[in-house]
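**Q** Using full-length UniProt numbering, the letters of the sequence shown map in sequence onto residues 1 to 332.
FYI, nobody ran anything at the bench for these hints, they're computed from the structure.
Keep in mind that this is a model prediction, so the values were computed, not measured.
Where a beta carbon is used, it is the ideal one built from N, C-alpha and C, also for glycine.
Among the hints, a few may not be true.
Derived DEER-like restraints, expressed as beta-carbon distance ranges [said to hold, decoys possible]:
#1 Leu-215 <-> Ile-15: 29 to 37 Å
#2 Phe-263 <-> Asp-152: 49 to 57 Å
#3 Glu-210 <-> Ala-112: 48 to 56 Å
#4 Phe-263 <-> Gly-18: 43 to 51 Å
#5 Ala-112 <-> Lys-175: 28 to 36 Å
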Amino acid sequence: MNDVKNQFQAFVLDIVDGKTKMEVKQLSPSDLHTGDVTIKVQYSSVNFKDGLATIPNQIIQSYPLIPGIDLAGTVLESKDERFSEGDEVIVTSYELGVSHHGGFSELARVPAKWVVPLPEGLTLKEAMTIGTAGFTAALSIQRLEENGLTPDQGPVLVTGATGGVGSLAVDMLAKLGYEVTASTGKEEEHDYLRQLGASTVLHRNDLVAEDKKVLRKQLFSAAVDPVGGKTLEFVLASLKYGGSVANSGLTGGTKVEATVFPFILRGVNWLGIDSVYCPMNTRVKVWDRLATDLKPVHLNHEVVTEVSLDQLPEVLDKIVAGSVRGRTIVKL
Numbered sequence: 001m002n003d004v005k006n007q008f009q010a011f012v013l014d015i016v017d018g019k020t021k022m023e024v025k026q027l028s029p030s031d032l033h034t035g036d037v038t039i040k041v042q043y044s045s046v047n048f049k050d051g052l053a054t055i056p057n058q059i060i061q062s063y064p065l066i067p068g069i070d071l072a073g074t075v076l077e078s079k080d081e082r083f084s085e086g087d088e089v090i091v092t093s094y095e096l097g098v099s100h101h102g103g104f105s106e107l108a109r110v111p112a113k114w115v116v117p118l119p120e121g122l123t124l125k126e127a128m129t130i131g132t133a134g135f136t137a138a139l140s141i142q143r144l145e146e147n148g149l150t151p152d153q154g155p156v157l158v159t160g161a162t163g164g165v166g167s168l169a170v171d172m173l174a175k176l177g178y179e180v181t182a183s184t185g186k187e188e189e190h191d192y193l194r195q196l197g198a199s200t201v202l203h204r205n206d207l208v209a210e211d212k213k214v215l216r217k218q219l220f221s222a223a224v225d226p227v228g229g230k231t232l233e234f235v236l237a238s239l240k241y242g243g244s245v246a247n248s249g250l251t252g253g254t255k256v257e258a259t260v261f262p263f264i265l266r267g268v269n270w271l272g273i274d275s276v277y278c279p280m281n282t283r284v285k286v287w288d289r290l291a292t293d294l295k296p297v298h299l300n301h302e303v304v305t306e307v308s309l310d311q312l313p314e315v316l317d318k319i320v321a322g323s324v325r326g327r328t329i330v331k332l
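Make a model of the complete structure from these sequences and hints.
**A** The structure is reproduced here in structure tokens:
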């Protein structure tokens with residue numbers, strides 16, 4: 001293996017003749033962006049946002065770039081006294097893998113203000129099995145609980161349940177004692193979702209209606225929704241009195257047609273979940289929970305697939321197409 005302090009392997013995105021070019025390249029530390037902390041990356045993970053990065057000019061405006069919005073590894077050098085050589089750390093979100101070279105690389109250099117110490121109770125591999133997707137799921141649950149959710153209030157819906165956010169949300173909620181209803185368009189994955197802890201599995205079409213009803217039968221005490229679109233419209237109209245939906249994604253579309261009635265007649269809450277610029281004090285608190293009470297039970301082969309840098313093009317294509325189950329991590 002190369003001494004990463006001198007040369008390292010990285011997965012690089014570029015645009016050639018208007019098309020995305022993806023290749024593993026050998027780089028030197030001088031190719032990295034500036035930052036206070038240099039990290040030997042041991043694991044990264046693949047998120048939907050990483051898939052979007054492969055679409056020309058979708059979320060990346062300057063090429064070439066090393067994508068990967070997550071990384072976990074060991075500090076090699078630090079200009080910030082909070083971190084020392086050998087410290088195990090996590091970096092997720094901010095500008096990582098979007099406008100700043102990211103985690104699909106054996107070496108990374110980032111601002112110290114992005115770095116989270118690995119909490120006791122997690123390995124670097126577990127941290128990336130969780131990654132941004134699991135952090136988003138945990139942040140969603142925390143926000144729901146801050147808005148009064150308790151297990152005795154009835155079913156909690158998880159939409160897009162076979163994806164990264166959804167799979168880990170099902171696992172975490174079930175671990176906490178909630179009755180979980182999971183929705184998916186993949187009928188072959190019902191057993192998988194029940195293994196994660198779902199009591200009921202619905203087809204995603206059951207959560208889409210064209211009748212334009214502004215209020216529906218009160219079905220769910222809360223929802224974790226990484227889907228948006230028509231699904232979110234249905235969820236808002238189907239929450240119990242005082243219920244909340246934590247909305248973190250747009251795989252079902254960005255447009256949501258709603259009325260004020262669920263909010264003013266049932267007192268429901270539409271909670272926006274942003275994992276990118278989440279304040280550091282909240283970020284550390286959520287990661288601490290991910291190492292303790294919110295640590296998923298199924299951090300194993302049922303949920304996670306491990307790949308190399310060379311396998312990333314195929315994985316990134318699949319995640320955009322919605323054909324990836326659970327979590328995919330990259331071993332560096």
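**Q** So, for every hint listed, does it hold in this structure?
**A** Tested hints:
1. Taking 29 to 37 Å as the suggested C-beta distance range, the pair Leu-215 and Ile-15 does not conform, at roughly 47 Å.
2. For the pair Phe-263 and Asp-152, the beta carbons lie near 24 Å from each other, so the given range of 49 to 57 Å is not met.
3. Between Glu-210 and Ala-112 the beta carbons are some 51 Å apart, a value that agrees with the proposed interval 48 to 56 Å.
4. Range check, Phe-263 to Gly-18: Cβ separation about 44 Å, and the 43 to 51 Å hint holds.
5. Distance hint for Ala-112 and Lys-175: a CB-CB separation of about 33 Å, consistent with the stated range 28 to 36 Å.
Checked against the numbered hints given earlier, the structure breaks hints 1, 2 and satisfies all the rest.
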